[in-house]
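Below are the chains, spelled out letter by letter.
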Amino acid sequence: MNCSQARDQLPALLYDGLAPADATLVQTHLGGCPVCRQEFAESQRVRCALNNVPVPPVSVDVSRVFQQAAALQQRRARRWRSATVAVCGLAAALLLVVLLRLEFRFDAHQLVVRWADSPQEQTPIPLPTPEPTVIVRREVVTNPEVEEQLRVIRDTLHALAGSLDTRDAQFRQAVGQLETRLESLRMQDGRRWSENDRNFAALYNAVFFIPKQGVKQ
Amino acid sequence: MDPSDAELVERWQSGDVQAFAALVHRWQQPIARFLTHLLGRPDLVGDLCQDVFLRAFMAGPRYRESGTFSAWLYRIALNAARDVGRRGRHKVVSLENGEPVSPSPSPESLSEQRELTRLVAEALAELPEPQRLVLILRHYEGMRFEDIARLTGAPASTLKSRFAAALNYLRVRLRHLDPAPEDHRP
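Which chain is which? The protein sequence lines are X and H, in order.
Just so we're aligned: 366 in the working numbering is position 116 of the first sequence, and the numbers increase by one with no gaps anywhere.
Just so we're aligned: 83 in the working numbering is position 82 of the second sequence, and the numbers increase by one with no gaps anywhere.
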């Protein structure tokens, strides 16, 4: 065994990790190699030094562990409840959107919400087709008897119209005369009243007023 | 005869909280030792141990007897220590009022031991975390490399290399130490 092989085995030898045969080989090499023996001695000192590091005594408070565990479980339960409520709310909102076929969009800086089916595109109302023009050609059928009757009727109508005009004129004239007569009567009546007033005033003065020279009776 | 870890865990999972208390009592000091050497912060060990056993209690329903309870517990302690390390760089705090290992020490040896303690703690803290971890688990906890491999997820051969490298570093670092008269390995 050479030094390199022996040095590789020193940690295992130090910690009793070698098979007895291998340990014997390494021990034999150490017996004849001062360098490896020195290194093994230094490793032993390190092992002892490691044991000198003190460890603070620890006493775990088990009841506090239980209390902290209970508090943690309560917090987790609350978080699960909140998460469940949030998920259910989201699912309900999504279901509502799907059922109502909600549509959200922004249009002219406004939030537009539409539900139900989109208005179907209305089919344009067809313009009424113009009826084909029917040209009616009037044919005047001449019939003498009918012509005669029509002429008689026309004349009669003219005569009646003339008569009505005449009567209307006469009526207006009579009305005018009556208005004139009424106006004159009104004037006469007015004059009479004025005369009467003067007569009464003169009579009143004659009866009740005595001239200044005499005594009033 | 004391019940084994597996029996206590089975009773605990059945609802016997006293079984959990027994496990705490059995493993609190080894976990404290592990955390002390891993972090180099004896002032944090008390609270960290409390946290480790709280995590173990919360994770108890999920524990399955596939490995050993101790490996599972050390795994929890390792994660807790790494969380502390992530929260802030730790610097080694020597336990100035720590109990001396040798019985009835003289004042000179007491100060020597304290100096030795400080040097060893500093040297341990200088090791990279993977090397420090395997050294602590192999030296202080007496775990086999196969058990450490299950705990850390690294192959046993890699762990042996790390262990040898850690031991070599400490050997060089503490070369000036006087040879100890006795082996005070607990």
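If you are wondering where the hints come from, they were derived from the structure by calculation, not from laboratory data.
Quick caveat, the model's predicted, so the values are computed rather than measured.
There may be inaccurate statements among the hints.
Here chain H is said to cover these stretches of chain X; the calculated rule only asks that three of the stretch's residues, wherever they fall, bring their Cβ under 8 Å from a Cβ of chain H [stated by the list, open to error]:
# : stretch
1 : 313-320
2 : 434-445
Listed below are the simulated SDA-like cross-link pairs for lysine to any residue, each with C-alpha atoms no more than 25 Å apart in a straight line [said to hold, decoys possible]:
#  : chain 1 : residue 1 : chain 2 : residue 2
3  : H       : Lys161    : X       : Thr383
4  : H       : Lys161    : X       : Thr334
5  : H       : Lys161    : X       : Asp439
6  : H       : Lys161    : X       : Leu407
7  : H       : Lys161    : X       : Arg326
8  : H       : Lys161    : X       : Val337
9  : H       : Lys161    : X       : Asn252
10 : H       : Lys161    : H       : Pro62
11 : H       : Lys161    : H       : Asp44
12 : H       : Lys161    : X       : Leu428
13 : H       : Lys161    : X       : Val386
14 : H       : Lys161    : X       : Val285
15 : H       : Lys161    : X       : Glu289
Chain H is faced by these chain X residues, among others (derived, beta-carbon under 8 Å) [unchecked claim]:
#  : residue
16 : Leu268
17 : Pro270
18 : Asp272
19 : Asn455
20 : Phe459
Built from N, CA and C at the ideal position, the CB exists for glycine as well.
Here's how the hints hold up against the structure:
1. 313-320: Holds: 5 residues of the stretch 313-320 of chain X have a Cβ under 8 Å from chain H.
2. 434-445: violated (count 0)
3. Lys161(H) x Thr383(X): violated (113 Å)
4. Lys161(H) x Thr334(X): violated (50 Å)
5. Lys161(H) x Asp439(X): violated (157 Å)
6. Lys161(H) x Leu407(X): With a Cα-Cα distance of about 143 Å, the restraint between Lys161(H) and Leu407(X) is violated, given a limit of 25 Å.
7. Lys161(H) x Arg326(X): At roughly 42 Å apart (the allowed maximum being 25 Å), Arg326(X) and Lys161(H) break the hint.
8. Lys161(H) x Val337(X): violated (51 Å)
9. Lys161(H) x Asn252(X): holds (20 Å)
10. Lys161(H) x Pro62(H): Not satisfied, since the Cα-Cα distance of roughly 34 Å exceeds 25 Å.
11. Lys161(H) x Asp44(H): violated (31 Å)
12. Lys161(H) x Leu428(X): Violated: Lys161(H) and Leu428(X) sit about 152 Å apart, past 25 Å.
13. Lys161(H) x Val386(X): Violated, at about 122 Å.
14. Lys161(H) x Val285(X): holds (22 Å)
15. Lys161(H) x Glu289(X): This hinted pair holds, its Cα atoms lying about 18 Å apart.
16. Leu268: violated (12 Å)
17. Pro270: violated (17 Å)
18. Asp272: Violated, because the Cβ-Cβ distance from Asp272(X) to chain H comes to roughly 14 Å (cut-off 8 Å).
19. Asn455: violated (139 Å)
20. Phe459: Violated - the Cβ of Phe459(X) stays beyond 8 Å from chain H, reaching only about 140 Å at its closest.
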